[in-house]
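Undergrad: Listed below are the residues making up each chain.
2 protein chains.
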Amino acid sequence: MATNWGSLLQDKQQLEELARQAVDRALAEGVLLRTSQEPTSSEVVSYAPFTLFPSLVPSALLEQAYAVQMDFNLLVDAVSQNAAFLEQTLSSTIKQDDFTARLFDIHKQVLKEGIAQTVFLGLNRSDYMFQRSADGSPALKQIEINTISASFGGLASRTPAVHRHVLSVLSKTKEAGKILSNNPSKGLALGIAKAWELYGSPNALVLLIAQEKERNIFDQRAIENELLARNIHVIRRTFEDISEKGSLDQDRRLFVDGQEIAVVYFRDGYMPRQYSLQNWEARLLLERSHAAKCPDIATQLAGTKKVQQELSRPGMLEMLLPGQPEAVARLRATFAGLYSLDVGEEGDQAIAEALAAPSRQEKTLVMNKHVGHLLRTKAIEHADGGVAAGVAVLDNPYPV
Amino acid sequence: MATNWGSLLQDKQQLEELARQAVDRALAEGVLLRTSQEPTSSEVVSYAPFTLFPSLVPSALLEQAYAVQMDFNLLVDAVSQNAAFLEQTLSSTIKQDDFTARLFDIHKQVLKEGIAQTVFLGLNRSDYMFQRSADGSPALKQIEINTISASFGGLASRTPAVHRHVLSVLSKTKEAGKILSNNPSKGLALGIAKAWELYGSPNALVLLIAQEKERNIFDQRAIENELLARNIHVIRRTFEDISEKGSLDQDRRLFVDGQEIAVVYFRDGYMPRQYSLQNWEARLLLERSHAAKCPDIATQLAGTKKVQQELSRPGMLEMLLPGQPEAVARLRATFAGLYSLDVGEEGDQAIAEALAAPSRQEKTLVMNKHVGHLLRTKAIEHADGGVAAGVAVLDNPYPV
Chain C
174 MATNWGSLLQ
184 DKQQLEELAR
194 QAVDRALAEG
204 VLLRTSQEPT
214 SSEVVSYAPF
224 TLFPSLVPSA
234 LLEQAYAVQM
244 DFNLLVDAVS
254 QNAAFLEQTL
264 SSTIKQDDFT
274 ARLFDIHKQV
284 LKEGIAQTVF
294 LGLNRSDYMF
304 QRSADGSPAL
314 KQIEINTISA
324 SFGGLASRTP
334 AVHRHVLSVL
344 SKTKEAGKIL
354 SNNPSKGLAL
364 GIAKAWELYG
374 SPNALVLLIA
384 QEKERNIFDQ
394 RAIENELLAR
404 NIHVIRRTFE
414 DISEKGSLDQ
424 DRRLFVDGQE
434 IAVVYFRDGY
444 MPRQYSLQNW
454 EARLLLERSH
464 AAKCPDIATQ
474 LAGTKKVQQE
484 LSRPGMLEML
494 LPGQPEAVAR
504 LRATFAGLYS
514 LDVGEEGDQA
524 IAEALAAPSR
534 QEKTLVMNKH
544 VGHLLRTKAI
554 EHADGGVAAG
564 VAVLDNPYPV
Chain S
174 MATNWGSLLQ
184 DKQQLEELAR
194 QAVDRALAEG
204 VLLRTSQEPT
214 SSEVVSYAPF
224 TLFPSLVPSA
234 LLEQAYAVQM
244 DFNLLVDAVS
254 QNAAFLEQTL
264 SSTIKQDDFT
274 ARLFDIHKQV
284 LKEGIAQTVF
294 LGLNRSDYMF
304 QRSADGSPAL
314 KQIEINTISA
324 SFGGLASRTP
334 AVHRHVLSVL
344 SKTKEAGKIL
354 SNNPSKGLAL
364 GIAKAWELYG
374 SPNALVLLIA
384 QEKERNIFDQ
394 RAIENELLAR
404 NIHVIRRTFE
414 DISEKGSLDQ
424 DRRLFVDGQE
434 IAVVYFRDGY
444 MPRQYSLQNW
454 EARLLLERSH
464 AAKCPDIATQ
474 LAGTKKVQQE
484 LSRPGMLEML
494 LPGQPEAVAR
504 LRATFAGLYS
514 LDVGEEGDQA
524 IAEALAAPSR
534 QEKTLVMNKH
544 VGHLLRTKAI
554 EHADGGVAAG
564 VAVLDNPYPV
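Protein chains in written order, with the working numbering: chain C, 174 to 573; chain S, 174 to 573.
By construction, these hints were calculated from the structure, which means they are not laboratory data. Hints may contain errors.
Identical chains blur together in the list; that is why a pair holds if it fits in one copy or across any two.
Straight-line Cα separation of at most 35 Å, DSBU-like style, residue types lysine-lysine; simulated pairs [as the list claims (entries may be wrong)]: (1) Lys185 x Lys359; (2) Lys551 x Lys418; (3) Lys386 x Lys551; (4) Lys542 x Lys314; (5) Lys345 x Lys386; (6) Lys367 x Lys185; (7) Lys345 x Lys418; (8) Lys268 x Lys345; (9) Lys281 x Lys345; (10) Lys185 x Lys418; (11) Lys351 x Lys367; (12) Lys418 x Lys347; (13) Lys345 x Lys359; (14) Lys351 x Lys536; (15) Lys542 x Lys347; (16) Lys347 x Lys367; (17) Lys542 x Lys345; (18) Lys347 x Lys281; (19) Lys536 x Lys345; (20) Lys347 x Lys551; (21) Lys347 x Lys359; (22) Lys418 x Lys314; (23) Lys185 x Lys347; (24) Lys367 x Lys345; (25) Lys185 x Lys281.
I would like the entire structure built from these sequences, with the hints used as guidance.
TA: Structure representation (structure tokens):
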């Protein structure tokens, strides 16, 4: 989004001074990253890259994104609970893609053994771009939905103060007041806290599956701190740690270092290179366990591109969300039409049959909320890539 | 103060994990220092050293320190406003100590020309040790009073969260709740804001005199941020900058880069090595100006060791704070008896006469507050040295 904040600046010297102030404020607010040189240590740290000014975003698009989030949550849940749909949809992917095949294999094993935990927790982040329509009006178009390890909710809770500071320094007090408050850390933590509570064992812990090299640890700590404030204790372990120290008892309750685990929160395990053979074994152990998983492997599979592609087919949303035409309309309005359809009529027919089969059990929806937003901005020459990859930078929407 | 927190720990591994959590929390809360390698840059930063656990401090001593702070403020003010007392007290020091001599020379010049600003702001930090008496009871003994550039009020506002975190991780929730809240940043900013308001020019700025190499910038930023939140803008400049860009108009109003200055807040200029000839000229310019100084040079002189020594003489407090026997008693109770008296009867007589002379003008006391505390802990082998020097570390009192 184009902005005109730059016109407030008198010269390069003022710009540099403003950037210094913004950096110091970002650091003081905890918008931190470990350095690329020392991603395992917090001895010296740096700040997460961010725009100097907030970006203008039409209020209508923000409201639309908030309004449709609960529909996406329902949709992800419906897909994840529909084993037949997942199997049909992913059947061709599994043949070509080893990563999805291995995830799916664990999914099948768990279903065969019988699900040990009926509390499911999804912390979903739906990503959009603002697309300029032919008539010039902006539209919200979904890029993907992240159903595992969605990041930057922690740091996004700290960035409004930075942009308010920048605008205040320029005596734009009224404008500073328009920067939206945002606290996804708390909302994400409340989801985990609810799963922990439903697990029902006051001494059980939350296990955060972490990477050894984690520049973005402060994003995760923000959620850990919110949980600690509610007397819910979090331990951080890698897949390797689980493989060595994790075990299930006869009721498949999960123990790590002798401590019972109520909720497993994955901040690793979403990319092929994150899995050694040992890590796959650890993942299987976690999935088999009685601990609530955030997410369970079916929810992770529900976030694959192939599923997204399938959902854009005519009639598909209506079948997954029967009797909810308004939700379906809100969802479809955000579909970008990005995906080519590579399945023929026969495939369609098979999936339609799968959908017609009953879902595996009656469920109770305990919580469905939107808890905040994250705006990332990147230069026009980059088609893809996030903040951690050094392509996008953190931003705040300035509603117009 | 001895503590028994260590007994909560099971092993070295738990200690290390707790330290990692504490460090990450300190960083996230903004308990930051620039690195010693790059003291002019915020590109990578580290944390200010701190104790893993809060230290036990008798509540009575904390309450005593709070109760006597306003007496110390009155005393510093009385000394700073009594030119004759300062001259008599410092006469021998001036002959031996070039730094005090130069400060005093500026003080004399300003008095001779006539004070251009009658708003005086002191942000005083009175430092104590906890002394074990012969009978084993602890006593509060004053080491010194800092009347210029007292630091760590900013970071001390952020450390309670760190110790609360540490105790919460150990499930010591009740104990975590006993860590005192502390916000000297805000209190110090409110003092500066009051001086700014009394100056009476809405567009005038606060000038923070900064060092070029400043590891402790985040301590200062905390106060700057509090001022910005009140729409009071702060610019940071070195003495060198003032020497090049500072000027007085015919009414001795201070301008820097064309901007009028309401308040000069010194975070430099308290040590001899901080003054080149150029810097002394800049200091003189600032002192002569109509801007409110925090502190003015007389208040800086009131904080010298020699003055403190003088104040411990019998009858001295009574003369400086006439009609306030309770304040005098509270002050005297904190005197450590550290200072040898090197002035004879003759000196006593001269100072007594100086005190008997009327002070230079009627004053209005606008604000006298205590605004927070700072606990620093050091190993027993270090007699002296602060946090910035790498000797003491930040701590929080745990009242018992």
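Undergrad: Any hints this thing doesn't respect? Which numbers, in order?
TA: 2, 8, 9, 14, 18, 19, 22, 25
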